[in-house]
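Given these sequences and hints, build the entire structure.
Given next are the chains, with one letter for each unit.
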Amino acid sequence: MQEAIQKTVQRTTIPFGPQHPVLPEPVHLKITVEDEIIKEVVPALGFVHRGLEKLIDIRDFHQMIQVVERVCGICSMIHAMCYVHGIEELMKIEVPPRAKYLRVIWSELHRIHSHLLWLGLFADSFGFESVFMQFWRIREKILNIDEATTGNRIIVSVNVVGGVRKDLSQDQMRWILDELDQIEQMTTQLESTLFEDYTVKKRTIGKGLLPSRQAVELGIVGPTLRASGVAQDMRQLGYAAFKELDFEPVTENNCDCWARCRVRYREVLQSIDLIRQAISKIPAGEINVKVKGRPQGEVITRVEQPRGELLYYIKANGSKNLDRLRIRTPTFANIPALFTMLPGMWLSDVPVIVLSIDPCISCTER
Amino acid sequence: MKKMLGKIIASTRMKSPWILHFDCGSCNGCDIEVLACLTPVYDIERFGMVNVGNPMHADILLVTGTVNHRNKKVLTNLYDQMPAPKVVIAIGACGLSGGIFRDAYNVVGGVDRVIPVDVYVPGCPAKPEAIIDGAVLALKKFEVLRQQKLAV
Numbered sequence: 001m002q003e004a005i006q007k008t009v010q011r012t013t014i015p016f017g018p019q020h021p022v023l024p025e026p027v028h029l030k031i032t033v034e035d036e037i038i039k040e041v042v043p044a045l046g047f048v049h050r051g052l053e054k055l056i057d058i059r060d061f062h063q064m065i066q067v068v069e070r071v072c073g074i075c076s077m078i079h080a081m082c083y084v085h086g087i088e089e090l091m092k093i094e095v096p097p098r099a100k101y102l103r104v105i106w107s108e109l110h111r112i113h114s115h116l117l118w119l120g121l122f123a124d125s126f127g128f129e130s131v132f133m134q135f136w137r138i139r140e141k142i143l144n145i146d147e148a149t150t151g152n153r154i155i156v157s158v159n160v161v162g163g164v165r166k167d168l169s170q171d172q173m174r175w176i177l178d179e180l181d182q183i184e185q186m187t188t189q190l191e192s193t194l195f196e197d198y199t200v201k202k203r204t205i206g207k208g209l210l211p212s213r214q215a216v217e218l219g220i221v222g223p224t225l226r227a228s229g230v231a232q233d234m235r236q237l238g239y240a241a242f243k244e245l246d247f248e249p250v251t252e253n254n255c256d257c258w259a260r261c262r263v264r265y266r267e268v269l270q271s272i273d274l275i276r277q278a279i280s281k282i283p284a285g286e287i288n289v290k291v292k293g294r295p296q297g298e299v300i301t302r303v304e305q306p307r308g309e310l311l312y313y314i315k316a317n318g319s320k321n322l323d324r325l326r327i328r329t330p331t332f333a334n335i336p337a338l339f340t341m342l343p344g345m346w347l348s349d350v351p352v353i354v355l356s357i358d359p360c361i362s363c364t365e366r
Numbered sequence: 001m002k003k004m005l006g007k008i009i010a011s012t013r014m015k016s017p018w019i020l021h022f023d024c025g026s027c028n029g030c031d032i033e034v035l036a037c038l039t040p041v042y043d044i045e046r047f048g049m050v051n052v053g054n055p056m057h058a059d060i061l062l063v064t065g066t067v068n069h070r071n072k073k074v075l076t077n078l079y080d081q082m083p084a085p086k087v088v089i090a091i092g093a094c095g096l097s098g099g100i101f102r103d104a105y106n107v108v109g110g111v112d113r114v115i116p117v118d119v120y121v122p123g124c125p126a127k128p129e130a131i132i133d134g135a136v137l138a139l140k141k142f143e144v145l146r147q148q149k150l151a152v
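Sequence order for the protein chains is A and B.
According to the working numbering, the stretch in the first sequence is residues 1 to 366, in order.
According to the working numbering, the stretch in the second sequence is residues 1 to 152, in order.
Calculated directly from the structure, the hints in this document are not laboratory data.
As the structure is a prediction and not an experimental result, all values here were calculated from the model.
Ideal Cβ positions, reconstructed from N, Cα and C, are used throughout, including at glycine.
Wrong hints could be hidden among the right ones.
[What the hints assert, rightly or not] Derived DEER-like restraints, expressed as beta-carbon distance ranges:
#1 Pro116/B x Glu40/A: 34 to 42 Å
#2 Gly219/A x His69/B: 28 to 36 Å
#3 Lys201/A x Pro85/B: 25 to 33 Å
#4 Lys320/A x Pro122/B: 37 to 45 Å
#5 Pro83/B x Lys166/A: 46 to 54 Å
#6 Glu45/B x Leu190/A: 42 to 50 Å
#7 Glu129/B x Phe195/A: 29 to 37 Å
#8 Glu196/A x Pro116/B: 45 to 53 Å
#9 Pro116/B x Asn144/A: 34 to 42 Å
#10 Leu5/B x Lys166/A: 54 to 62 Å
#11 Lys292/A x Pro85/B: 54 to 62 Å
#12 Ser130/A x Leu137/B: 27 to 35 Å
#13 Glu40/A x Phe47/B: 38 to 46 Å
#14 Arg324/A x Phe47/B: 29 to 37 Å
[As the list claims (entries may be wrong)] Distance condition first, Cα-Cα at most 27 Å in a straight line; then the derived DSS-like pairs of lysine-lysine:
#15 Lys73/B x Lys30/A
#16 Lys72/B x Lys30/A
#17 Lys54/A x Lys72/B
#18 Lys141/A x Lys127/B
This is the structure we're talking about:
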């Protein structure tokens with residue numbers, strides 16, 4: 001009798017998604033379990049695929065800025081910045097220094113809002129709803145800044161080829177600094193809850209281990225890689241004005257969900273510091289230059305998105321439509337991490353581990 | 001007796017409609033605005049609305065984003081599983097017509113190509129205020145549906 005029961009429960013395949021209470025986005029995982037221990041994970045993608053890269057046939061290279069912003073709504077400004085860097089390199093445009101600093105300010109605001117959003121969702125994944133509410137309350141302050149300075153809450157659309165569209169006045173910068181002080185204070189208040197609480201530790205420490213060697217072999221990027229102790233950050237390349245600002249990549253050595261949470265939490269504070277530095281150093285002058293001509297040649301640009309390294313390959317032939325646009329997103333690079341993290345874990349840990357790589361299906365599938 | 005019971009059910013549905021959110025290929029802009037509606041600043045729960053994960057518990061279906069060839073089956077599945085009376089809210093430019101993606105090869109178009117839509121919320125992304133307004137309009141729709149049922 002005992003043997004018969006064991007045989008029947010030996011292997012079960014459980015579908016996870018595409019519509020699931022924890023995931024805000026549609027992704028389908030086929031999880032094979034033995035008893036309650038996960039043995040195998042097979043993802044099925046394609047629920048959000050739209051075919052954005054092909055839109056280059058219809059839209060010209062200026063209009064494509066609006067399209068690439070909608071690859072992912074959460075980090076839209078950084079996508080546009082990466083694309084615009086590529087086009088500027090092809091057309092040999094020198095961007096005014098003030099525009100570079102403004103790009104840093106808005107991209108770091110986007111990083112803060114993305115990380116706060118993630119910290120909230122992560123807390124929600126193990127059922128800590130009040131922390132979710134608290135982080136999203138802080139995040140609304142960032143969205144207020146976005147709305148006041150650019151006119152939209154999420155998709156800010158400030159980048160144009162040759163600079164930025166909007167300028168920040170002295171008053172606005174002073175107000176941003178005040179708000180950042182409040183955001184920093186509110187975020188640090190939540191630190192002890194998130195990292196020292198007994199139940200939170202129980203759900204995150206030692207879950208979803210990804211040793212640093214394996215992370216490098218799989219090509220993992222961003223906070224997921226930095227939580228495995230590898231100090232790799234594309235901002236070290238010094239694009240926009242990052243080469244004039246002072247910062248160190250945040251790393252943690254625990255390699256688990258707790259470390260990933262810690263890295264993102266510390267990056268919020270790091271981004272606040274970067275915005276303060278940028279505002280103190282910002283030079284006066286023009287915010288964009290006039291653009292003439294059309295791009296020609298091919299180029300690869302890389303920037304650091306909240307989720308990791310973002311790579312754009314652009315090939316242009318001198319006409320108003322591009323020849324090829326290839327987008328490699330960090331979330332796509334991080335999906336293989338799940339195959340190493342999930343096997344051996346309990347089924348109830350799946351939401352926590354899946355969220356720990358910060359999945360953005362809209363980025364992954366474009 | 002039956003009439004009274006119907007009245008009670010209708011009034012409770014107006015006081016506490018449960019919503020189901022499905023991301024149907026949007027860029028996440030509208031999704032995080034839908035989630036923002038649930039958080040303290042906007043707090044859609046003051047209308048008694050609760051976000052549930054099970055379509056069989058839901059009264060209102062919030063759909064964000066364009067429909068593509070793969071997820072249209074998922075969308076119709078969810079819609080069919082919801083008990084009547086049900087109301088569908090399409091959110092964002094993509095949900096209305098396909099928006100900026102309407103020319104892409106894998107895009108079918110707006111949500112109304114697949115399932116009937118009652119309330120359209122424009123914007124790219126739609127603001128939380130607009131989404132809350134759409135949800136309140138959906139509540140009125142329940143009253144209309146009840147009147148129609150009584151007339152029959």
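Comparing the hints with the structure gives:
no., hint, result
1, Pro116/B x Glu40/A: 34 to 42 Å, "holds, 40 Å"
2, Gly219/A x His69/B: 28 to 36 Å, "holds, 30 Å"
3, Lys201/A x Pro85/B: 25 to 33 Å, "violated, 46 Å"
4, Lys320/A x Pro122/B: 37 to 45 Å, "violated, 29 Å"
5, Pro83/B x Lys166/A: 46 to 54 Å, "holds, 48 Å"
6, Glu45/B x Leu190/A: 42 to 50 Å, "violated, 22 Å"
7, Glu129/B x Phe195/A: 29 to 37 Å, "holds, 35 Å"
8, Glu196/A x Pro116/B: 45 to 53 Å, "holds, 51 Å"
9, Pro116/B x Asn144/A: 34 to 42 Å, "holds, 37 Å"
10, Leu5/B x Lys166/A: 54 to 62 Å, "holds, 58 Å"
11, Lys292/A x Pro85/B: 54 to 62 Å, "holds, 59 Å"
12, Ser130/A x Leu137/B: 27 to 35 Å, "holds, 31 Å"
13, Glu40/A x Phe47/B: 38 to 46 Å, "holds, 43 Å"
14, Arg324/A x Phe47/B: 29 to 37 Å, "violated, 48 Å"
15, Lys73/B x Lys30/A, "holds, 18 Å"
16, Lys72/B x Lys30/A, "holds, 20 Å"
17, Lys54/A x Lys72/B, "holds, 21 Å"
18, Lys141/A x Lys127/B, "holds, 15 Å"
When each numbered hint is compared with the structure, violations occur for hints 3, 4, 6 and 14.
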